[in-house]
Amino acid sequence: MYVNFQKEQFSRAYVTAIAAGVGCNTMKPEVDDDSIDLCLKSKIDGKCISRPQLDMQLKATQNLELDGDCFKYSLKIKNYDDLRLDNCIVPRILVVVYVPENTSDWILQSEEQLAMRRCGYWISLCGMRWSRKIGQPAKL
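As numbered in the numbering used here, residues 4 to 143 make up the sequence shown, in order.
These are calculated hints, taken from the structure and not from any lab test. All C-beta atoms in this analysis are idealised placements derived from N, C-alpha and C, irrespective of residue type, glycine included.
Derived BS3-like pairs: lysine-lysine, alpha-carbon spacing no greater than 25 Å straight-line:
hint, residue 1, residue 2
1, Lys31, Lys46
2, Lys10, Lys44
3, Lys31, Lys79
4, Lys10, Lys31
5, Lys81, Lys31
6, Lys81, Lys10
Simulated DEER-style distance windows between Cβ atoms:
hint, residue 1, residue 2, range
7, Gly26, Leu117, 10 to 20 Å
8, Val34, Pro94, 14 to 24 Å
9, Lys50, Phe8, 40 to 50 Å
10, Ser107, Gln56, 28 to 38 Å
Taking the hints into account, I'd like the entire structure generated from these sequences.
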């Protein structure tokens, strides 16, 4: 399997495992034409919101630049534009799963545990704009 396919499968498994741990369902859209790889749903009946849903674009990378509470990740313009829409009913986020360089280090498994290495970061790009500098997102 190509490493990019492994990254796609791993990022989906990572989010699905976390969702299962908190009692949420995940669904994969039939077609990814809107930069949505996975949908998260819950049957929670709250006072303000019932049946919450969240749409996610998933990415996995071995090269992630971390800077304090921030991370830098290059995203295709199509994905960026789809994720920054501010008139969607269902909120959208970008999830970037940071994996080790060597694919054999992504999973640690024993009788006691299953560990998925490293971690995932998320961000909402809703309402973000483009600056005039080489397509870098503007700070709001």
